[in-house]
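Single-letter residue listing:
Number of protein chains: 6
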Amino acid sequence: MTNVVVRNIRRADRAVIETLRDLGVSTTHEAMGRLGLMKTYMRPIYAGAQIAGSAVTVLAQPGDNWMLHVAIEQVKPGDVLVVAVTADNTDGMFGDLLATSLKARGGVGLIIDAGCRDVRTLTEMKFPVWSRAISAKGTVKATLGSVNIPVVCAGALVHPGDVIVADDDGVVVTPRADAEKTAAAGRKREAGEEDKRRRLASGELGLDMYDMRGALAKAGLVYRDEPEA
Amino acid sequence: MTNVVVRNIRRADRAVIETLRDLGVSTTHEAMGRLGLMKTYMRPIYAGAQIAGSAVTVLAQPGDNWMLHVAIEQVKPGDVLVVAVTADNTDGMFGDLLATSLKARGGVGLIIDAGCRDVRTLTEMKFPVWSRAISAKGTVKATLGSVNIPVVCAGALVHPGDVIVADDDGVVVTPRADAEKTAAAGRKREAGEEDKRRRLASGELGLDMYDMRGALAKAGLVYRDEPEA
Amino acid sequence: MTNVVVRNIRRADRAVIETLRDLGVSTTHEAMGRLGLMKTYMRPIYAGAQIAGSAVTVLAQPGDNWMLHVAIEQVKPGDVLVVAVTADNTDGMFGDLLATSLKARGGVGLIIDAGCRDVRTLTEMKFPVWSRAISAKGTVKATLGSVNIPVVCAGALVHPGDVIVADDDGVVVTPRADAEKTAAAGRKREAGEEDKRRRLASGELGLDMYDMRGALAKAGLVYRDEPEA
Amino acid sequence: MTNVVVRNIRRADRAVIETLRDLGVSTTHEAMGRLGLMKTYMRPIYAGAQIAGSAVTVLAQPGDNWMLHVAIEQVKPGDVLVVAVTADNTDGMFGDLLATSLKARGGVGLIIDAGCRDVRTLTEMKFPVWSRAISAKGTVKATLGSVNIPVVCAGALVHPGDVIVADDDGVVVTPRADAEKTAAAGRKREAGEEDKRRRLASGELGLDMYDMRGALAKAGLVYRDEPEA
Amino acid sequence: MTNVVVRNIRRADRAVIETLRDLGVSTTHEAMGRLGLMKTYMRPIYAGAQIAGSAVTVLAQPGDNWMLHVAIEQVKPGDVLVVAVTADNTDGMFGDLLATSLKARGGVGLIIDAGCRDVRTLTEMKFPVWSRAISAKGTVKATLGSVNIPVVCAGALVHPGDVIVADDDGVVVTPRADAEKTAAAGRKREAGEEDKRRRLASGELGLDMYDMRGALAKAGLVYRDEPEA
Amino acid sequence: MTNVVVRNIRRADRAVIETLRDLGVSTTHEAMGRLGLMKTYMRPIYAGAQIAGSAVTVLAQPGDNWMLHVAIEQVKPGDVLVVAVTADNTDGMFGDLLATSLKARGGVGLIIDAGCRDVRTLTEMKFPVWSRAISAKGTVKATLGSVNIPVVCAGALVHPGDVIVADDDGVVVTPRADAEKTAAAGRKREAGEEDKRRRLASGELGLDMYDMRGALAKAGLVYRDEPEA
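Protein chains in written order, with our numbering: chain A, 8 to 236; chain B, 8 to 236; chain C, 8 to 236; chain D, 8 to 236; chain E, 8 to 236; chain F, 8 to 236.
Next comes chain A alone, as it looks inside the complex (with noise of 0.2 Å):
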């Protein structure tokens, strides 16, 4: 197998992507019909943080953090960084020298299945990150990988382009063809989440709103009292 760096990939429009950074996660991933989620096990190193980019992959050897310099040649200005082992690993591949540089090349964010060191620092930067571990272990320049190939991160599937979209939910891949299609969807869907959160804050409750005692009933849901003691 040849180790190939990809350049020029196809991004998705601007506009398309900072919806699907507004929209987040969870509406996101309910707009592209339940699908595209990473694995639970990705965290983010702080609170709070909620981005969105064209993905730029990333497919390492486990403790080998070679291949995150050559990717971020590749970077342009609003793009995540999405890191993909070829094993189980969760060595600290990413810290804060590599942070500095992502971030003056334009990245927004990284998104690794494996470790994350110098957190504290990256937390000051405010450089967010996705990992399944936080660790110092140090890593090795030593074996090739691959720069903007198709890549499984975290269960999920990633084309170079793809938009990622990651907050405290979790993170979530947009195919590139489908974001444009998936941003008008979400906007939709939360637009009609608005009406319902105002009824659901008045007490009215979901049972009603969503007309469901029929469907129960019908299901053979049955209602009983306590009896007294």
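Hint data in this document are derived by calculation from the structure and do not stem from the laboratory. The model shown is predicted, which means the values in this text are computed figures rather than measured ones. Glycine residues also receive a C-beta, built at the ideal position from the N, C-alpha and C atoms. Take the hints with a grain of salt, since some may be wrong.
What the hints assert, rightly or not - Partial list, computed: chain B residues near chain E (C-beta under 7 Å):
1) ALA94
2) LYS144
3) ALA149
4) ASP215
Position chains B, C, D, E and F relative to chain A; hints supplied.
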């Protein structure tokens, strides 16, 4: 098996519940004789919340939040919703719309042996959730479960009306019938701890305060100095 | 096997310990040749603490905190208590009373390969703990262990008097005899990083700064453009 | 909380228990409406055993097998010992001596939410055990628990006298009061499966046998051919 | 997202598939450049099976085996059914009835990133399954998925028609287009191993056979004798 | 840190090693005072093997088996190779070629805190391996480690020349200096068990044989009959 919703469950005395809330999880658990804890994988979505309330229980299918809507109708002010599922699952079965509804009905928190989403919004709402995972994974409304039957949630048996206490240390279940004596035992325990805390803070050793030296020697503990290098 | 308490352990030089604390876990670990890390499941109970100190070690039985009381008597100002257990366990073996005592003796933190409780109070006290779990599960005082013997804690070998460094990136153990040269190596490493950080921040690529392009080409890395759609 | 041993528990009918044993775990679980399963981490120490019996329950402390000796006195021929512990634990709380004793009293198997040891000898004895771990870790006899109280074992609620069915698929609990109707439902289910098995073996599709095509089409399933390369 | 069933997928050459089966998982994985492995949690339900076949892929909902029935219609003799699910799940989505049907259609095995049940019967049938869990947990037939679309199964990307190789070492996926060259590379590798095996068996050291001593010395490896006690 | 290979390690007496092998893991662990066990995730690749031997230790990099070749040169007949890695890893670092070489040098087994592959061939060769995983994942030969230094393997400290005992119950480490007295203590323990086994088999209760009734009553155990329904 019939799927039922039990109405009119009995609850513990409000003052007793408030006492248990103030005692917190660790003291309540000790006061119960070291029983009733849920598994340690149940973590709060944000730090600092401390609640107690009467359990309204739900047995749901994994990835299906239909019964949560049914359960919210049974919630009275001060209640805690406790959701068990029939197989290990991390799907995001509860989000900000359900939280809005539950809060509007007077619910003070959620305990769910599955996933939760919209955690940033829930944190802003100050609506506390203890869950086994955070996940954007959406759910369906397809299969019945039951409300207010005894359930096993995160390894603990919960009857409807039991008192749930939850804080940063985890979640503990106090059977309704034991709540009053547990509260009394907890208060007593707490009173004793104040004096101990003061003595330990002044430098007195637990070895002396608890009079352990004799028992340690009898059990065979040996002291020796490290030899000079 | 006799259960022993070793007194009068030797400690590293205070200034060296302070240097390691300031370097933090990731730099110390690198300076040691990428050795000495505890498993990544060891997490701080709150973010931002950064400590170093001489290890007072405990080998305890799971669910039994008797030996922690014994160990606290051996603690001198600046020490870190390191608790290993004889089987995997998450019980809450340490809480606010022990923390009060340990702090009163000058202890600066706790590393425990088991659970910790009263985490809200510990956070308010600013007493840092790195543990494998947070659990309200109470413990007994029934079976002996040992104090200040070599222990394996979270996968790392710790001798009494070794220097423990802990921060948001985890926990690393520096053998006492290696502490001085590790501190020197760490300082040197840190000095070099400052310049790198500045260059990367200005947009220089790691590829160029580390002069990687030749080695990558030699290893066979191929660049290609994505074909037009 | 008082530690008790309850004697003279009620058991299900012997013939019903034998029926459930012959049906096995998967069919019994289906016949109960898909309830009652223990967690999937409960695995047999050797393949091929298939048992059913009345539960004699034990709530033990982790790493303490004192109550197992107490419980064995309460075992009658055909019973299954079910051991729950008060915290997650993998210690080897049961070995060949206890198995010799339990077998001599007529016990037909052990279900333990902790560890088991001497597995080669147990295998030679053909004494089946379902456990969460295999571990040589020895235990103490120091702290009381209870016998024949309701326990939560591996996520399932077990009352003394409930019917335990265990085979290579896992462990299921049938409440004593439901045993007879579950056995009847299981037999009926099994009878229907024989015909289905024959039809499927002859090449008939489940799609046709269960008449699924209409429902699939109605739900929106689309068939299409892969385009030529 | 539309739920589709793709018919008439393309398959690799039968002889190439048989070669890969004979090479087994470890050699095939090496021949691919150390790519394509599923996660190590995928284990066979019995030891000794070794299969290869063309993937018929399924994306199913967790706990819902409706699409397995749909997929079996698309299976041709020699195929392997590969089931991915949209969220982590261990439910027993496949049992002896489905195995009877799949076998009748010529399927040679099942790869499922969820649970499997009736394992004793499957073992007797000699129908091999690699799964993440064994579980009696029953499933529903309620929600659509897709058949013969690209899926991520246990961390590996599988396109319909890819060659699946599975044995006691795990499961590897060879893209259809790479199958022939992988088979050739594997045969070559295997040929070289026979000679190595003979030389190592005669006592020759890998150090000498692979001529490693120079590289080790150059990397800085130091030999020393243990001092006398 | 220099990477070293220590030659001419000291070993325990052959007869003592054979005694420990015959005693097996559980008895040896008890004879050591319940110490020295590796984590329970270390499992044999096939059932029934029981070995003991002197440890030749390896500290390797994850996914890099270069040092295993180095270590095999240091193996003498009767030795056990013990492989620790510097970070959690499941790669298949050992397969049939290395086993052929290790066996040819007289090695009797492998203990590896990582993965193993070619398990069917290893089983046919009757070469026993205890590992944390089975994985076909290939490895590189790129980075040095050390041979015959103290290592932490699966949570246990192993010095070169310590006696390793491994069977179906797991793996235990006996320090060389303690081997003789452990063997003696184990034999004594075993002698006592034979009589106990006979008495328990005849139906005598552990309660009586160990004279536990008084202690149980003193600890507060209460017996009561279940009330009539």
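Hint numbers the structure violates, sorted upward?
4
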